[in-house]
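**Student:** Just need the whole structure built from these sequences, with the hints factored in.
Below are the chains, spelled out letter by letter.
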Amino acid sequence: MSCNALASDAASRERLRQLLPREEDAAARERLAELVETACSNRPPTSSLSRLWILGSLQAKVAGAYLAWWLKSRWADADEKERTRNETHLKAALELLGTMGYLRGAVMKVGQMLTLPEMVPEQYARLLSSLSFEAPPMHYAMVREVFYDEFGREPEEMFASFEKRAFAAASLGQVHRARLHSGEQVAVKIQYPGIARTIQSDLKNLRLLLQPMRVGDDWPNLLDKLAEIESVLLAETDYLKEAEVARAVRGHFPPEYGIVVPKVHDGYSSRRVLTTEHLEGVHIDEFLASDPSQEVRDHYTHLMTVATMRLLYRMHWLLADPNPGNYIFMPNGRLGLVDFGCTRVLTDEEWQLQCEAEAAAFQKDDKEMERIIVKASLYESAQEMGKKRVELVGRVIRWQLEPWLVEGLFDFGDSDFFHRGIDALREATKTGYLRGMPLHIWTTRFVLGARAVVYRLRGRCHFKEIYLQESVPPKASHADDAEKTDTRGSI
Amino acid sequence: MRITEQAKQQCRARILEKASELFCARGFDQTTTRDIALAAGVAAGTMFNYFPSKETMAMTMVSDALAAGEEEFRGRTGGELAEDLFGFIASGLRKLRPLRPFLGPVLERSLSPFPRKNVCPVGEAARQRHLDFMQQILASHGFSSAPDYVATTIYWSLYLGVLAFWTSDFSPNQEASQALVDYSVRTFVHIISGSAGGDGGEHVL
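Protein sequence lines correspond, in order, to chains A and B. The numbering of the first sequence is UniProt numbering, which starts it at 1 and goes up by one. The numbering of the second sequence is UniProt numbering, which starts it at 1 and goes up by one.
Hints in this document: simulated from the structure, not taken from any laboratory. Idealized CB from N, CA, C, for every residue including glycine. It is possible that part of the hints are untrue.
[As the list claims (entries may be wrong)] Quick partial rundown of chain A residues pointing at chain B, CB under 10 Å, derived from the structure:
#1 TYR140
#2 ALA141
#3 TYR148
#4 GLU150
#5 PRO193
[Claimed, not checked] As a list, the in silico DMTMM-like pairs of lysine to aspartate or glutamate whose alpha-carbon atoms are at most 25 Å apart:
#6 A/LYS364 / A/GLU391
#7 B/LYS95 / A/GLU157
#8 B/LYS95 / A/GLU156
#9 B/LYS95 / A/GLU150
#10 B/LYS95 / B/GLU55
#11 A/LYS164 / B/GLU71
**Tutor:** Set out below in structure tokens:
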């Protein structure tokens with residue numbers, strides 16, 4: 001008698017191969033593809049979970065550390081021996097990840113966050129995020145248990161209909177389609193059991209495992225960053241907080257703007273379950289496959305820019321973990337914004353520094369910019385920081401601010417612009433210039449994540465015009481005199 | 001005067017109820033049979049007619065809860081094997097939840113797989129019933145022959161491991177235990193399905 005055959009994941013493997021970095025030379029790329037493929041093919045979705053699961057937590061620690069190390073060392077000037085060793089570590093990391101089930105998402109996130117601020121190219125980021133979505137879905141019996149614990153009822157009692165199979169993976173959970181008794185279609189996000197505890201214990205252990213990797217003076221800073229990551233990730237495990245953010249964001253986008261933030265259904269939401277309006281539309285891959293005109297691409301780029309600017313300037317809020325899945329291309333040219341789990345609100349002091357950086361850029365005040373670079377990098381003086389580091393970190397910051405300074409249409413699809421930023425970040429990583437305010441984990445992710453999306457869109461928008469409009473406090477938003485704002489830099 | 005069957009049942013239920021309250025409040029080891037008889041308003045001798053020991057009382061509660069969980073689960077079969085096993089175990093744990101504060105020592109004594117001088121008959125019956133139903137689930141998924149002692153022992157070891165973890169699981173709603181149950185049943189399904197990784201091979205049983 002036959003077991004239920006597990007479907008071959010050939011398509012998924014092929015997709016992973018497509019995502020591998022193309023800029024590597026052919027042989028390196030082939031070797032990397034082989035490693036990833038081997039790791040993936042050893043990972044049937046159900047039965048692999050049994051292997052070594054008892055050691056799951058340990059695997060998580062090891063894999064997280066190796067992954068972080070590997071990603072960092074890719075950029076170092078490695079000799080052949082070191083490259084081989086790194087490859088072995090990557091292989092170990094991928095294989096271990098394959099046995100980690102629900103934990104994979106959490107561990108991948110930590111790996112990404114440790115490395116992304118010190119940035120990897122878009123292709124690597126896509127590869128990583130793709131792997132992180134390979135977590136096996138919870139079966140319905142487990143979903144039912146979560147509902148019992150959260151609401152004392154099962155999904156079928158609460159909803160008019162509830163699809164037992166998840167239609168999408170989410171951060172630390174999965175999403176199901178359902179219909180309310182009122183007839184409204186909703187998306188129900190459900191969190192994997194026990195994920196919050198795992199994050200805490202794994203980060204604790206990761207600190208220990210990272211010890212041998214520490215590099216002199218920057219070690220305390222790395223610990224601060226880990227603490228920052230832990231607090232944001234833990235906040236992400238509380239869906240009630242996410243509901244609060246979503247409601248606040250929604251308040252900033254009246255329907256006429258064409259930006260849609262799904263409504264939260266409170267009666268159907270809890271710490272581990274979040275029910276929101278279901279938005280009809282497609283993700284970026286499907287959108288691009290329809291070969292949209294430049295006009296349509298520009299339209300969506302405009303909306304994305306308005307959305308991020310409005311959140312930044314009105315709420316001082318960053319989408320800390322932006323990915324293409326956060327954007328829904330809806331009918332009639334509307335843009336859907338979903339998933340507000342991983343967010344970071346700037347403190348007053350951080351906001352002040354952001355405003356000062358903008359002002360310095362507008363006024364082309366190099367001295368002031370240098371002061372800001374030194375401050376953001378947590379040094380006392382430019383002398384202490386060193387000329388090369390000031391120059392390199394300055395290049396990154398100036399690149400981040402570049403669209404603010406361009407009059408007229410800004411082309412985010414410009415390959416030269418995009419790669420200039422990536423190159424600057426990569427060089428900073430290569431030289432080990434990693435010290436900085438923990439906030440910069442998120443600002444870098446925010447800027448790069450959002451720019452990677454509009455780069456793929458090959459979209460353009462009147463960035464500066466949008467900035468002028470959105471940086472005005474809400475009450476004065478219809479006023480002609482944009483200079484009423486006291487928060488942005490003088491232009 | 002002969003007491004009616006209904007009165008007997010009521011008395012039995014009252015003893016269990018008071019015992020449960022005392023076990024939860026004071027702990028299993030700190031509660032005496034005398035305390036229970038006093039609280040239930042029955043003579044100690046009468047109480048022993050119903051339950052020969054404190055352990056039997058506790059295991060009766062466990063057995064009743066597991067039976068209720070099994071009953072509830074019967075209406076929900078039909079998923080994949082791992083899902084059905086998960087549902088069966090989770091349903092029992094949910095019914096056991098009110099007893100959780102005092103269950104650790106009780107389960108350790110009554111369900112221990114190690115050889116013991118005094119086997120608790122109620123515990124043994126609960127174990128057998130649980131394993132019988134597990135086999136019914138396997139049968140409904142095409143495992144026609146009864147699992148041999150290796151498979152049964154592996155299952156029971158995993159199940160006891162889950163129970164041990166669950167009794168001291170301080171995560172909200174014991175959600176860490178839910179994850180453990182899931183991984184445990186997947187492990188078990190993997191073992192009995194052969195090591196070919198679910199590529200459509202034959203069952204080994």
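**Student:** Determine for every hint whether it applies to the structure shown.
**Tutor:** Outcome of the hint check:
1. TYR140: Cβ of A/TYR140 sits 6 Å from chain B, so the hint holds.
2. ALA141: holds (4 Å)
3. TYR148: holds (7 Å)
4. GLU150: With Cβ-Cβ at 8 Å, under 10 Å, it holds.
5. PRO193: Holds, because the Cβ-Cβ distance from A/PRO193 to chain B comes to roughly 4 Å (cut-off 10 Å).
6. A/LYS364 / A/GLU391: Roughly 15 Å between the alpha carbons, so the hint for A/LYS364 and A/GLU391 holds.
7. B/LYS95 / A/GLU157: Holds - the C-alpha atoms of A/GLU157 and B/LYS95 are around 19 Å apart, at most 25 Å.
8. B/LYS95 / A/GLU156: Holds, at about 20 Å.
9. B/LYS95 / A/GLU150: OK: B/LYS95 and A/GLU150 at ~16 Å, within 25 Å.
10. B/LYS95 / B/GLU55: holds (19 Å)
11. A/LYS164 / B/GLU71: holds (22 Å)
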